[in-house]
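Undergrad: Given next are the chains, with one letter for each unit.
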Amino acid sequence: MERVRIPLAAVLISLLVGVPAGWAQAPVPVRGGTLTVALSADPPALDIHSTTAYLTEIVSWHVFEPLFTYDRNYQITPMLAEGYSVGAGGREFTITLRAGVRFHNGREMTSADVVASLQRWVKMATVAVPFFRDDIEAIEARGPRAVVIRLRQPSGVLIAALAQPIQLAGVYTQQAADAAGTQRITDMAQLIGTGPFRFTRWTPGQVIELERFDGYAARSGSPDGYGGQKVAYVDRLRFVIVPDVQTRINGVLTGQYDYAESITPDAYGALRVDARARTLILRPYGQPMAVFNKRRGLFTDRRLRQAFVASLDMGQIMAGTFGNPLMFRVDGSLMFRESPWHSREGLEPYNRRDLGLARRLMAEAGYRGQPVRWITSTAFDWAYKPALIASQQLQEAGFNMDLQVLDWATVLSRRANPDLYEVFSTSFIFSPGVEPPIQPVILSGTWPGWWTTEEKDRLIGRLIREPNLEARKRIWTDVQRLYWEDVPGIKFGDFFNLAVARPQVQGLTTRPDLFFWNVWVQR
Amino acid sequence: MRRRHPAGDAQPARGIPPWVKRWRVLLRRPVVIAGGGLFLLLVLLGTLAPYLAPVGPQTMQIIDRLTPPSGRYLLGTDDFGRDLLSRVLHGIRLSLTIGATVVLFSTAIGLPIGLLAGYLPGLDNLLMRLMDALMAFPAVILAIALMAALGPSAVNVTVALGIVYAPRMARIVRGSVLVVRQFEYVTAARALGMRDGPIMLRHVLPNCLSPVIVQGTFIFAYAVLGEALLSFLGAGVPPHVPSLGNILAGGRVYMGQAPWITIFPGVAIMMLVLGLNLFGDGLRDALDPRLVQSRSG
Amino acid sequence: MLAYVARRLVAMVPIVILVGTIVFLLIHLTPGDPVVIMLGPDASEEAVTRLRTELGLDAPVYRQWTRWFQRVLVGDLGTSIFFGVPVTETIRRHLPPTIYLSALAILVAVGIGVPAGIISAVRRGSALDQAVTMTAFLGVSIPEFWLALNLVLLFAVNLQLLPVAGYAPPTAGLAVSLRYLVLPAFTMGFVQSALIARMTRAAMLEVVVADYVRTARAKGLPSPRVTMRHIFPNALITVITVIGIIFSVMMGGNVIAETIFTIPGLGQLLMSSVLRRDYPVIQGIVLLVAAAYVVINLLVDVAYALVDPRIRY
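Residue numbers (the working numbering), protein chains in the order written: chain A, 1 to 523; chain B, 1001 to 1297; chain C, 2001 to 2313.
Be aware that a few hints might be false.
Stated by the list, open to error - SDA-like mimics (lysine to any residue), calculated; alpha carbons at most 25 Å apart, straight line:
hint, chain 1, residue 1, chain 2, residue 2
1, A, LYS456, A, LYS473
2, A, LYS123, A, ILE442
3, A, LYS123, C, GLU2045
4, A, LYS473, A, SER333
5, A, LYS123, C, LEU2055
6, A, LYS123, C, VAL2048
7, A, LYS123, C, ASN2234
8, A, LYS123, C, GLU2046
Claimed, not checked - Distance ranges between label pairs, derived from CB positions:
hint, chain 1, residue 1, chain 2, residue 2, range
9, C, ARG2063, A, ASN417, 18 to 26 Å
10, B, PRO1206, C, VAL2302, 53 to 61 Å
11, B, VAL1267, A, ARG296, 41 to 49 Å
No wet-lab data here; the hints were simulated from the structure. Where is the CB? At the ideal position from N, CA and C, for every residue including glycine.
Sequences and hints are given; from them, build the entire structure.
TA: Following this line, the structure appears as structure tokens:
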């Protein structure tokens, strides 16, 4: 058996992302107090296995911990695991567990808890796991301190999947995991983890309260990205649900909340000069996108999709949507600039704004003013605003735009029906460590929009099998070139997420996935 | 606000038809003049919006986004760099259109129901229970639920608000029918063997029109507020359509840094509704001083 | 009297059934799937289908309707799809803030509206009367949410006198909880006070010329006493009616104030449940509010009888 380090997410360093300002000067941390975080919506559940919702992740990963996570450079690092080894030609993973880790009920974590949790998670997880779910032969304990996962085929994404923050592979007690099966756990008494905080109260629609877990077994060393040493400095962590942006901003300014997420980018200018607030730009964060219906209707014709993208001025769209240039960048690469997969190749069709070309393509495709139904929602600025600005540009090019603004629930259900739309709005959110072809989801032929071309399937097939990183990057470049040629959808650019905190709150990072361990309130 | 007008209740002066007198009384009241004037002014602005607006209400100048009021943009611009003056003018136009159609729609439903319920006791219970059920829905909830099911559009806002206000109209009409059907000429007509249909249309209906007109102005005012509220909650007219509620909703997050986006449409709504309320109130006093009705929202 | 109340309560049943059916049909006609929202944006089709079956959402609408109604009849409103908690429990948690806020708002509305109405009736035609009347007109003409937003900007953000939003129950200390509720209660109360002032004034003017008032004055009773003893009781009926209507409207119509001030009441719950398509919760709230409306109307009628001995049922 050999120790293997999977070259999954190689170097993801950006100075802006890397070193959190709070730790650099390192004022002396203070214990105690309550930290109140204003969230934009209710998490659909606290059971972190049960949903891919971002809000569930950032609340519940204070309570549940994964075996692996990502460090400051977005490299995989152990959390509850001590380490792992790979044998049997890449088909057997042996994960050793840290000793002395306790659940909030005081009981020590053993391999039985991990096995039960992983078995439950594997059944419920919908991101990355489908790539290897059917290959799993067994997940079993080897003594109290080790867990073995045996696969029928080698997998390069297993450990990365165990580390991904979305729908986290958190460790529950064996009793809770077995009792629940694939049912969502709603009973607070069963939501027991090993994290630095434990749940004390959940009033849906109002507040989720966590308290410091005094028996928490922190890793030694220093904090490192989402991993390393985690310390709960505050006594209490309160997540309050405040759907209105303006109220979240005002609440921080008046000291009612300590931290608020999803702030309108246009508020940045005023908040930056306000002594009552500190702004944090979480980057990288996401990409606003428009996806074509390639199964039925107008945009089954690739020339019309090309005409569509040729009509657009991305600078205008991004500036009109996000305002401040610090909050976005115009970049057509499918992977973020902070990722090793970023590439500038094949981007010629992006941000061209060539109406002559657009009209020529429309004529070739025989377009005669049929309505283009674009379904979007004001629930998110990144959905509605690019759609509105782009529609004006497309109208100028000669498209007959029918912008249908619905609520988000309706968009989600309509986009699954190919008879109801031509284009829908969505966004691709940065997630550490995910590499193609796990993400972006648009590459999947079964995802709404349905990108099914032989060329793509051939490239993706090669991408999965190719072991050499450099060769895989070259294949990925071809995928990107194909993307902008075939235009299954349109990426408008990159945007960042604005958060605002009281200046007294120390130890915050600007990573896209929020956490409040290692964070304290200066008095 | 009901004042006694000795002249109003007394015997009609010779030679002058009663409706002329009524309008004279009406026009002598400063409240009516003020309210009616305000309303007419806004009707004028709304009607002429396409000519008065400097640019199209949808035209974006991304580079000029969030510009404060200035010589170039009299009321400033919004977050897409759209001219606020043009948007507010078109917003007034749309509010007026929606208001007027809601009045027509709710009258078209409410008037026949009220008439039948009031005149035919057999139908009364059934129809009014149905109206009660609609009234038992809080107006906001019913409108939101209807909008969610129908989908966002100006027509659907009109339909939803029309359904919400129809029971009010029905109640008012039924109330006055119950009074009118006791009048001598109605009982006389019935005694003479006239059929119910003609009696309702020729004798009962005309005498119920005053309260209908008064209630109509109030429904108009409510519909203007209703559109604004629904759009503000994201359940109204599609957000890119320049309606007063949409402009308010879009400007909400900019209240601190760009207050002009919310101030001007807010004032426009207020003026419109105030005008209608003053006018309606004066109208009520002039048309039927004995009428007592509640104006609950 | 008792027979009357019983009759009215029986009449309530068809109304509530009708309301329940209307809302059930409406929300099931609405596009959107609660399961997709719950499982998150990246959930697989397979997981969605599984949960839909688990929740019984794959059955035809009429089956779901009968199933729901059978349970409602025994007092079971079902389980919230989003929270996985019984609907009655969810509603129970969100009810107190709504009632508390509504009560405060009515206090404000009556506190401003009744005196204003009396004053303007007594000093009819004076400058004071006209000022009250104009303010009342403004009150009914201001969009409520617009007023709320401006008040927040002024009192909470700029002057920093009051919290921006939030809620504390009276058990957390009356002063604390009032600080949170001053603005929402004032916003809601002010708009309604206009209505109360106008109704009070109208009702009082109606009896100013009545015989018994004239007699009282002729007997030489001092004017304030006439006002309070003979004129105001007449106005009271109107005021009770209006309060009743306002309260029933507020029970479900707090959506605006509760959204803007993030008060965890029924209105906010309803709004977010609509966005999440949490069918059982929406149905439960509407049913409850409709029942409350009917009961409050009944209470108003009973109150008439108590205030005015001439009314008998």
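Undergrad: All the hints need checking, so say for each whether the structure fits it.
TA: A quick look at each hint next to the structure:
no., hint, result
1, A:LYS456 x A:LYS473, "15 Å, holds"
2, A:LYS123 x A:ILE442, "23 Å, holds"
3, A:LYS123 x C:GLU2045, "14 Å, holds"
4, A:LYS473 x A:SER333, "13 Å, holds"
5, A:LYS123 x C:LEU2055, "18 Å, holds"
6, A:LYS123 x C:VAL2048, "13 Å, holds"
7, A:LYS123 x C:ASN2234, "70 Å, violated"
8, A:LYS123 x C:GLU2046, "11 Å, holds"
9, C:ARG2063 x A:ASN417: 18 to 26 Å, "23 Å, holds"
10, B:PRO1206 x C:VAL2302: 53 to 61 Å, "38 Å, violated"
11, B:VAL1267 x A:ARG296: 41 to 49 Å, "48 Å, holds"
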